[in-house]
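Next come the chains, spelled out residue by residue.
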Amino acid sequence: MKRVTEYLKSLLLLELAAGLWVTLKYLFKPKYTLRFPMETIPRSVRFRGLHALRRYPNGEERCIACKLCEAVCPALAITIDSAPRASDGQRRTTRYDIDLFKCIYCGFCEESCPVDSIVLTDILEYHMERRGENVITKPQLLAMGDRFEKSIAANRAQDAAYR
Amino acid sequence: MSMSSDPMILLWTLAKILVIAVPLIIAVAMYVWWERKVIGWMHVRMGPNKIGPFGLLQAFADVTKLLIKEIIIPTNANRFLYFTAPLLAVIPALAVWAIIPFDNGAVLSNANAGVLFLLAMTSLGVYGIILAGWASNSRYALLGAMRSAAQMISYEICMGMALVCVLILAGSLNFTAIVEAQAGGKGLFDWFWLPLLPMFFVYYISGVAETNRLPFDVAEGESEIVAGFHVEYSGSAFALFFLAEYANMILLSFLAPILFLGGWLSPFQGWHLGWFSQPGWWWLFLKFFIFATSLIWLRATFPRYRYDQIMRLGWKVFIPISIAWIFVAGLFKYFNVVTIGH
Ligand code: SF4
Ligand code: SF4
Numbered sequence: 001m002k003r004v005t006e007y008l009k010s011l012l013l014l015e016l017a018a019g020l021w022v023t024l025k026y027l028f029k030p031k032y033t034l035r036f037p038m039e040t041i042p043r044s045v046r047f048r049g050l051h052a053l054r055r056y057p058n059g060e061e062r063c064i065a066c067k068l069c070e071a072v073c074p075a076l077a078i079t080i081d082s083a084p085r086a087s088d089g090q091r092r093t094t095r096y097d098i099d100l101f102k103c104i105y106c107g108f109c110e111e112s113c114p115v116d117s118i119v120l121t122d123i124l125e126y127h128m129e130r131r132g133e134n135v136i137t138k139p140q141l142l143a144m145g146d147r148f149e150k151s152i153a154a155n156r157a158q159d160a161a162y163r
Numbered sequence: 001m002s003m004s005s006d007p008m009i010l011l012w013t014l015a016k017i018l019v020i021a022v023p024l025i026i027a028v029a030m031y032v033w034w035e036r037k038v039i040g041w042m043h044v045r046m047g048p049n050k051i052g053p054f055g056l057l058q059a060f061a062d063v064t065k066l067l068i069k070e071i072i073i074p075t076n077a078n079r080f081l082y083f084t085a086p087l088l089a090v091i092p093a094l095a096v097w098a099i100i101p102f103d104n105g106a107v108l109s110n111a112n113a114g115v116l117f118l119l120a121m122t123s124l125g126v127y128g129i130i131l132a133g134w135a136s137n138s139r140y141a142l143l144g145a146m147r148s149a150a151q152m153i154s155y156e157i158c159m160g161m162a163l164v165c166v167l168i169l170a171g172s173l174n175f176t177a178i179v180e181a182q183a184g185g186k187g188l189f190d191w192f193w194l195p196l197l198p199m200f201f202v203y204y205i206s207g208v209a210e211t212n213r214l215p216f217d218v219a220e221g222e223s224e225i226v227a228g229f230h231v232e233y234s235g236s237a238f239a240l241f242f243l244a245e246y247a248n249m250i251l252l253s254f255l256a257p258i259l260f261l262g263g264w265l266s267p268f269q270g271w272h273l274g275w276f277s278q279p280g281w282w283w284l285f286l287k288f289f290i291f292a293t294s295l296i297w298l299r300a301t302f303p304r305y306r307y308d309q310i311m312r313l314g315w316k317v318f319i320p321i322s323i324a325w326i327f328v329a330g331l332f333k334y335f336n337v338v339t340i341g342h
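Read top to bottom, the protein sequences are chains A and B. The first sequence begins at 1 in the working numbering and counts up by one. The second sequence begins at 1 in the working numbering and counts up by one.
Please keep in mind that the hints were generated in silico from the structure rather than gathered at the bench. Take these hints with a grain of salt, some might be off.
Below are the SDA-like pairs computed for lysine to any residue, each with C-alpha atoms no more than 20 Å apart in a straight line [stated by the list, open to error]:
1. B:K316 x B:S154
2. A:K29 x B:H43
3. B:K37 x B:P215
4. A:K9 x B:I290
5. B:K186 x B:V317
6. A:K25 x B:S154
7. A:K9 x B:N336
Simulated coverage check for chain B against chain A, where a stretch passes if three residues somewhere in it have a Cβ under 8 Å from a Cβ of chain A [unchecked claim]:
8. 112-123
9. 229-239
Positions of the beta carbon are idealized from the N, C-alpha and C atoms, including for glycine.
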């Protein structure tokens, strides 16, 4: 008897009809698609995007060339050279390169930095057009910091309570 | 017929061919768009929506891309057969439209043996696939071609038998006559789907298998043999295979209504609903649209059949049912159970 019912079930395509019913229901559901350039989803203040080097309010760069970030970086994406600054003899970086192709956006550099110099901004829309542009240099990083200081500071202030 | 009128006849025939072929090709483009839209919706996505209003021009962008791409010929391919194969696939797929009636009288060639022509043309198309698989000298392509050959042969039998049942009832090989034989005062209950219900399903499912569509697309089998028979084809040669496949799907979506669902007849014929009871091409196109969408629906729903399951379904389920129902149809005809025509 069981075999007969099984046979009839498969002959009448009942299970296939059930499957069709499921897809039909999904046809009318609201869609999840995000129309990306026109729509974006809200981004967490902890979002780890493109890097930036910050400055103090008086314009002095924060980085003291301690190389902790270089040491902690698991992807070996950061390369730092340092030398005494000509004007006042303070130790400063002469080279600060981040290879964005190596970087895994773990945020360890930001965590390790004693002076909150290197940070990861919440910017995720960027691209490179030529070979070599994946390595961003110190002036570029400082420029990023200057440009987005407001949002960087605001994000950190908002997150401070939970750290 | 005088000789001087021959060029005119040629031009006139050419014009009639264009009137069918050009809208067909545009319909293929629109069908591809509709397929991507519906599958997208069923996946809770939006589908193409960037090029043109609602992404309508997406298919044309794709065609342009395909046409300007380089055609790569495998070194050891048999060049003659390699280029003949796509033509063999696409020419029958277009030629078969000569005998498809869109309305009473709206047909390029009202051939009396229309059904035979249909069977001949749809069987020819498979040679394109087999030759493509063989000529490209690639294992994947050959596997796809072999699968396709076995599958087409098995399902052509059931399809032919389903047609035989229709022929027995209609008593004609002419498509217009077949549709007119389904006319009657009971509207949709006079159509052939009712007396031939199992054959209707057999025909439809075999049709899906014949067009190599999911869940019967083992010949293509993206996840197993990459793209099967057309894996070595690029650019416009691939576009021809694509065109043939979709033209065949559109053909199936026209034939199923013509053979089983009364073609251009109104489902409310004889119910005295005024305009709704009138036959007309719009009924055929409405039925076509439903069938065409159902093919997409199948694709969005089912995973691919395993190869031996396809064979089992064809030989052990469909063919016995078809043979049995040919007798049933014969009995229907003999005892005049089904009213034919008005
Ligand atoms: S985010 Fe991680 S991987 Fe990237 S530079 Fe900083 S420490 Fe290295
Ligand atoms: S960015 Fe911070 S951690 Fe890295 S070298 Fe400068 S001060 Fe040290």
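Hint by hint, here is what the structure shows:
For the given pair, B:K316 sits about 10 Å from B:S154 by alpha-carbon distance, which is consistent with the 20 Å threshold. Simply put, A:K29 and B:H43 have alpha-carbon atoms about 9 Å apart, close enough for the 20 Å limit, and the pair holds. Annotation: proposed proximity of B:K37 to B:P215 holds, straight-line Cα distance about 19 Å (limit 20 Å). Restraint check for A:K9 and B:I290: the C-alpha separation of about 25 Å exceeds 20 Å, so the hint is violated.
About 32 Å separates the Cα atoms of B:K186 and B:V317, which puts this hinted pair outside 20 Å; it is violated. Simply put, A:K25 and B:S154 have alpha-carbon atoms about 34 Å apart, too far for the 20 Å limit, and the pair is violated. Between the alpha carbons of A:K9 and B:N336 the distance comes to roughly 32 Å, so the proposed pair goes past 20 Å and is violated. Under a criterion of three residues with beta carbons nearer than 8 Å to beta carbons of chain A, the stated coverage of the region 112-123 of chain B fails, only 0 such residues being counted.
Evaluation of the coverage hint for the region 229-239 of chain B: breached, as 0 residues show C-beta separations to chain A shorter than 8 Å, against a requirement of three.
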